[in-house]
Amino acid sequence: MKSQPFEAHLRTTPDVVIIDLSGEINAFADGAINQAYDQADQQNTANILLNFKEVTYINSTGIALIVGIMAKSRKNHKRLTVYGLSDHYVEIFQITRLADFMAIFPDETTALTTAA
Amino acid sequence: MISFLRKTFGVSDKSRNDSIESPLIDQPAAPASGVQAIEVEINMDDPLMDHLIKASGIVEIDRLEFDSPTLRILKDAGVKITVPLVSQGELIGLLNLGPRLSEQEYSSDDKRLLNTLATQAAPALRVAQLARQQQLEARERERMEQELRVARVIQQTLLPKKIPQRKGWHLAAHWQPARAVSGDFYDFFEYPDGKLGIVTGDVTDKGVPAALVMATTRSILRSAAESLESPGQLLSKANDLLVEDIPHNMFVTCLFLLVDLEKGEITFANAGHNLPYKRTQNGVEELCATGMPLGLLPGMIYDENQAVLNPGESILLFSDGLIEGHNPDGEMFGFRRLKTIMEENPGGSSMIQLLIDQLADFTGPDWEQEDDVTFVVLEREISPIAESVESIGLGENDWVILADLSLQSEPGNERVAMERVAEAIQQLPIDPDRLEKLKTAVSETTMNAMEHGNKYQPNLNTDILVKAGSGVLKIFITDHGGGRPIPEAIEPDLEAKLAGLQSPRGWGLFLIKNMVDEMRIHTDEKHHTVELIMRYEG
Chain A
2 MKSQPFEAHL RTTPDVVIID LSGEINAFAD GAINQAYDQA DQQNTANILL NFKEVTYINS
62 TGIALIVGIM AKSRKNHKRL TVYGLSDHYV EIFQITRLAD FMAIFPDETT ALTTAA
Chain B
9 MISFLRKTFG VSDKSRNDSI ESPLIDQPAA PASGVQAIEV EINMDDPLMD HLIKASGIVE
69 IDRLEFDSPT LRILKDAGVK ITVPLVSQGE LIGLLNLGPR LSEQEYSSDD KRLLNTLATQ
129 AAPALRVAQL ARQQQLEARE RERMEQELRV ARVIQQTLLP KKIPQRKGWH LAAHWQPARA
189 VSGDFYDFFE YPDGKLGIVT GDVTDKGVPA ALVMATTRSI LRSAAESLES PGQLLSKAND
249 LLVEDIPHNM FVTCLFLLVD LEKGEITFAN AGHNLPYKRT QNGVEELCAT GMPLGLLPGM
309 IYDENQAVLN PGESILLFSD GLIEGHNPDG EMFGFRRLKT IMEENPGGSS MIQLLIDQLA
369 DFTGPDWEQE DDVTFVVLER EISPIAESVE SIGLGENDWV ILADLSLQSE PGNERVAMER
429 VAEAIQQLPI DPDRLEKLKT AVSETTMNAM EHGNKYQPNL NTDILVKAGS GVLKIFITDH
489 GGGRPIPEAI EPDLEAKLAG LQSPRGWGLF LIKNMVDEMR IHTDEKHHTV ELIMRYEG
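Here the protein sequences line up with chains A and B, keeping their order.
Each number in this note's numbering comes from the position in the first sequence (counting from 1) with 1 added on.
Each number in this note's numbering comes from the position in the second sequence (counting from 1) with 8 added on.
Just chain A, with the same shape it has in the complex (with noise of 0.2 Å):
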């Protein structure tokens, strides 16, 4: 088995940034994952989205990241949605309370839609 290595890239639109993150969401993705919610965090929009369509993995260390990037944006009072989650981590977000703090939506159409 051959772990896929966590990437983050930004895209932003007039009204939100989405962050399109992809493989595994584990101690390893510490830097990145809080260096692209650091960007997006300067871009002048209330909204950040979290694209989880192309993450293959989140462990108890990835949960860990994900509610310190929901406090940073908490303190900076934005705005975080997620979307692209499989129904097994739409479970854990719920499970976990996650999901009280932040919108879940299936895709980025229903995400940007709701977002604007």
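Rather than coming from a laboratory, the hints here were simulated on the basis of the structure.
As the structure is a prediction and not an experimental result, all values here were calculated from the model.
From the three backbone atoms N, C-alpha and C, an ideal C-beta is built for every residue, glycine too.
Among the hints, erroneous ones may be present.
[To be verified] Rough simulated footprint, nothing fancy, chain A against chain B, three-plus residues with beta-carbon under 8 Å:
1. 101-110
2. 284-294
3. 451-457
4. 502-509
5. 516-523
Dock chain B against chain A, hints included.
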């Protein structure tokens, strides 16, 4: 004076055709007689031979007038009279006398006395000859036995001095030659990639010829194994090398197993050897592979087959000596009996002693071992962790071990654990959503074990045992962090984390508990074992 015959005709097989070898005619030092010690070999076609055998008593040498090489020697040596010593119709020696010291002719009394002496001396001499012959034969036997003892010691050095020791596996071997030396052999090859090669072989015939071919075969296999791992290619190369050197009408049966000790996968090829028996919980099965014995024809190709050895299963490799052992009624031990014994008894190394005992019982105390007997047993052990979890209380359920893993504690290996467990349980009817949850639970538990239990120390492995039975799956994940309790799996305070009042971490145990039907924690002085339980339809 009288010459004494100290040693006389020893008739060898060869000499029976045309000669009798080396009668030694010896006499004490008596220079006055003019007679000297002589050693004479009388050919069977020497006319003197016929004359002496037919003579009824003493023979006056100087009165004989015919062409005989021996007669000339005797005359030249000053022999006056010779008395043939005949035992059971066979000329066994001569009693030779030179001229009397008084220079008178031998009287009639002298001749009678000599005849009487010869009559009594001949059987005594024969007895002495036989005793000496036996003594020589005994010495020769002793010398040969000594040589064979040395040969056996040398041959034993050709067998592995040590049985490879690998964690989670047990190997055992037994080698019992029918004679001092054997044509059976076994060997182990440890490859740099961690795989283990196991070879057993049986040379036709037994004793010294087989032992010599065995030594050659073993060297050829060792040499081939230096550059080859593939069992089929290895046998093919060994065959091509051996076919040039092996004596006509001899060949070698040989079985080669390449074992991936990490996965339990076995690749094997066979050159006419007995098929190995694999013992599982469901019975005993043959691992089939066929091929021509080594040394018969060049250019042979050997097909490779695959098998998997799961924890608790074992493989027996054996030579003909076991199967072809006969009891006093002439019945053969046979494959069926072997299979039944394996089915009815525990596998592993205890199987070897059991088979030795069973063969001894079958053949009886007076059995003269007919052929060399060799066994090699490879057993994949149920790990100590697996044994210890037995005591955790699995009840009477009929459990099947689906995986027994031991992984080095390093970041990222929790993903390996997750995939390996998923692979092991893929046949179980587990709903895909629940399977994903179970995978997450395994990954999280393994990560905890590696990070917190074993502190990512490379020498401390994390062990994982997967068992299934009657609709219940149990996964035991064990680390070396015993002695301190694992904290309760309470729900993390997300608000506090979002407010920056707590670390964002600390989700593992909570996640695990919510991913499976039940999570149990077992802690002793040395280990933590987290038991994950998931039910499924089945």
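Q) Against chain A, does the stretch 502-509 of chain B show at least 3 residues with beta-carbon separation below 8 Å? A) holds (count 5)
Q.
Tell me whether the statement that chain A covers the stretch 101-110 of chain B is true, taking a Cβ distance below 8 Å and needing three residues at minimum.
A. violated (count 0)
Q. How does the coverage statement for the stretch 284-294 of chain B fare against chain A, requiring three or more residues with Cβ below 8 Å from a Cβ of that chain?
A. violated (count 0)
(Q) Three residues or more, CB to CB closer than 8 Å: is that satisfied between the stretch 516-523 of chain B and chain A? (A) Answer holds; 4 residues pass the 8 Å Cβ test.
(Q) Tell me whether the statement that chain A covers the stretch 451-457 of chain B is true, taking a Cβ distance below 8 Å and needing three residues at minimum. (A) holds (count 3)
Consistency note: the structure conflicts with the earlier hints numbered 1 and 2.
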